[in-house]
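From first to last, the protein sequence lines are chains A and B.
Using UniProt numbering, the letters of the first sequence map in sequence onto residues 1 to 489.
Using UniProt numbering, the letters of the second sequence map in sequence onto residues 1 to 489.
You may find that some hints are simply not true.
Because identical chains share one entry, a pair is satisfied inside a single copy or across any pair of copies.
As the list claims (entries may be wrong) - Here are the simulated lysine to aspartate or glutamate pairs, EDC-like style, with alpha carbons at most 16 Å apart: (1) K156 x E81; (2) K313 x E325; (3) K191 x E114; (4) K429 x D29.
Calculated from the structure, these hints are not laboratory results.
2 protein chains.
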Amino acid sequence: MLTNWNPARMPEKDEMKLRLSTARKQLYDLQMKIKEHKIPVIVLFEGWGTSGKGSTISKVIRNIDPRFFKVVTMSEPTDEELRYPFLYRYFKEIPEAGKFTFLDSGWLEQICREHLEGKTDEKEYASRIESVRNFERQLTDNGYLVLKFFMQIEKKEQKEREQKLLENKDTRWRVSLFDQWENEHYKKCKKTFSKYMSDTNASSAPWYIIDAGDKKWAELQVMETLVSNIKVALQNQAHSVPILQNVFPLEPIPCLADIDLQDKILNDEEYKKELKQLQIELGKLHNKLYRKRIPVIITYEGWDAAGKGGNIKRITEALDPRGYEVQPIASPEPHEKARHYLWRFWTRLPKSGHVAIFDRTWYGRVMVERLEGFCSENDWQRAYNEINEFEKELKDWGAVIIKFWVQIDKDTQLARFQERQNNPEKQWKITDEDWRNREKWDEYEVAVNEMLQKTNTEYAPWHILESVDKKYARIKALKIVIEEITKYV
Amino acid sequence: MLTNWNPARMPEKDEMKLRLSTARKQLYDLQMKIKEHKIPVIVLFEGWGTSGKGSTISKVIRNIDPRFFKVVTMSEPTDEELRYPFLYRYFKEIPEAGKFTFLDSGWLEQICREHLEGKTDEKEYASRIESVRNFERQLTDNGYLVLKFFMQIEKKEQKEREQKLLENKDTRWRVSLFDQWENEHYKKCKKTFSKYMSDTNASSAPWYIIDAGDKKWAELQVMETLVSNIKVALQNQAHSVPILQNVFPLEPIPCLADIDLQDKILNDEEYKKELKQLQIELGKLHNKLYRKRIPVIITYEGWDAAGKGGNIKRITEALDPRGYEVQPIASPEPHEKARHYLWRFWTRLPKSGHVAIFDRTWYGRVMVERLEGFCSENDWQRAYNEINEFEKELKDWGAVIIKFWVQIDKDTQLARFQERQNNPEKQWKITDEDWRNREKWDEYEVAVNEMLQKTNTEYAPWHILESVDKKYARIKALKIVIEEITKYV
């Protein structure tokens, strides 16, 4: 893209002044509409070192109320950040509905740089491009406005700017070693940036190359692009988003009704013996995982009172608390609801070598959110694919993913509800909501079946835990966890 | 404490078994009461390397629902963490009301270790002890139950445990270089730990030394201490907390009524000229701050419509967006309200070299929370002192603190409210709440006067911005910011 790009004519001084003042006024007014229509906006500034990313951001934000935006500066990932999937530190920063996040460099810089430095080969580069495409599409599909600017300056211009900054000790820190390397290898870098932009130039999140040789002119281009895109976004809010074809490799999985719950029982003696042995085995595996820095994600979904809690406990009892965290997922809090629905899961991922156990998960999107109308039909239909992408991302990062559906029948649930109700110490475990959900059992069953069919991917299959006898389900879960982890250590 | 401690007699096997099972059952029941009474509990495990901190935690948490606790493992601070006050990473992890946080080592380890390694001298050590005392007291005063365990093992025992772990490649990572050093310098370390415990053995957050030579016995001691302390905490909830004497060095400051708002005006020409010069100057200082890694905290409080937003904007226009963040403070969200009221400010501190501008602040505790009854009288009365301590902590960390009160008179506010109401583009800026607050002007004035008198410390004094003419206030603010920063760079 960059290599065959032609800059537009820079307007005369008077025209520039007039247009700038118009754009500023418009942006000032539009920020209120953004707020009102609850549109989250991500503005990504990429480009050459010293091309004026920071200074352009600082001019743009003058027109926006400080309560409505955040500027995030991305430098090289820290050691801590390197222990997460590479998109983690970007996903973390996505704005709430009605607010802006301005990023001073982002995934273009990281991907191109690490590729230029030889840290990623062609295959890894291609996989990252795929991740970025999915990431940006997931954002725009879920109502985010994603604006991507590339600040373009010529080699000579960059050289001069760098030299000027290097001369003064208070500005020297602004020129990194990579900025200097970039200038020395300008042509090679340009080619890499250009390819990256072509690779990620989606219609829903296109690139805008900004002629950044003149600062005022650069500001004007950015401002006008921002303003016109916000206007479009405001008009497009009711725009429907296509449901992508589910192209992930799916495995067959039985319907809930076909799951045999009979005779899946264990007596106390067998249970105790197996439990002890399996927990010792898992404890040992946990040490290995830690040493080899493999992340593990275990997810639990299932009927109310199916025995998720007790099942999770039998897993965690075997683990060192320094290396795992249980993530109980309740209904989202306001700051979570205001963001992409996967945000609260991205931000709860384990770091490499750790185990995260999710007590309920992102599958809430296609169950409770679907049935209670917390999201639109379009939203939950799109979610199967989004979730498959999300789990693929985790898999490619190197995570072990183990997904459990804890299954009981309707009578068993009733018996357990009644027992909880009648036992003062367990009453806290049962709420009116549980009874209301129970009334919707049949609707849930339809949703669960669809979910299982559509997300039972080869790389992250579901495991059914028959839990009419909780002991049986616990032992089965432990065996599966051990088996899956063993494949990796 | 440690040097003159005598272990209790370890009970016989049968007795141990019985007592353990009782304690486990009690903890299981008590967790529900903790939840119900909304008590936040911090359980700190400190002690020798290989003394079994992690494994004891893992036994204790078996009795608690995973939704109600979090285990946090603290290792050496990262480079990122070192750019914040040393308590930052601990304050971040305090639990919500009704939940537990278990810490696998914490501030004892960090302080003693850095002192043993010669990273802190006696003076710095003393200042940290003071910080810890205030930190723990602030937590307990605000309803936190803080339990501190020290897991004690003898030199010989530690040596054997370390050797055993080092022999196996899957467990080798559990023994750090420091653990080994600790064993080699056991006596010296013991003295240091002992002194630290005496120094921080407050009645509201006392130390419990656990004889950790035998694992079951260690578990029993921890469990019984936990259970008995939770019972006490449940009985003590209505306990009143003494208001400490305000011993901070205070400067005199006029009452709001005595602030002369007349003739504090600037004409357009003077304003524009000064603004430009001052912003250029501030921009240069910002570079120096960044290079010297000095953190700056600028806070704004003032009447509604006093002109805080516009004032902040004139500051930020001069700054590089990579080095500052505006923190707009609205009413707390649920996850914030569930924690110590300073938590949401601790977690928003700038890192060294950065500027944080707070648009409203922790002073909400002694203004809106006081007047609207969002906290008890005891709570807000205690807050003056807590806030002085908090700001002292920031000052000692090396921060520049600049506190503004933006002052207007009642008539000016009315005029501005009316203008907002009549201007369609500004209507969003005015709400019913603003009108309600206006009715309480006199009560607020009393609260503000008390606040100014009680928190106008030498190290973090208030600055009054007379803002009937907003231009005047903006220029004055810029001058003060420049003056204060100049003292540091």
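- Which numbered hints does this structure break? 1
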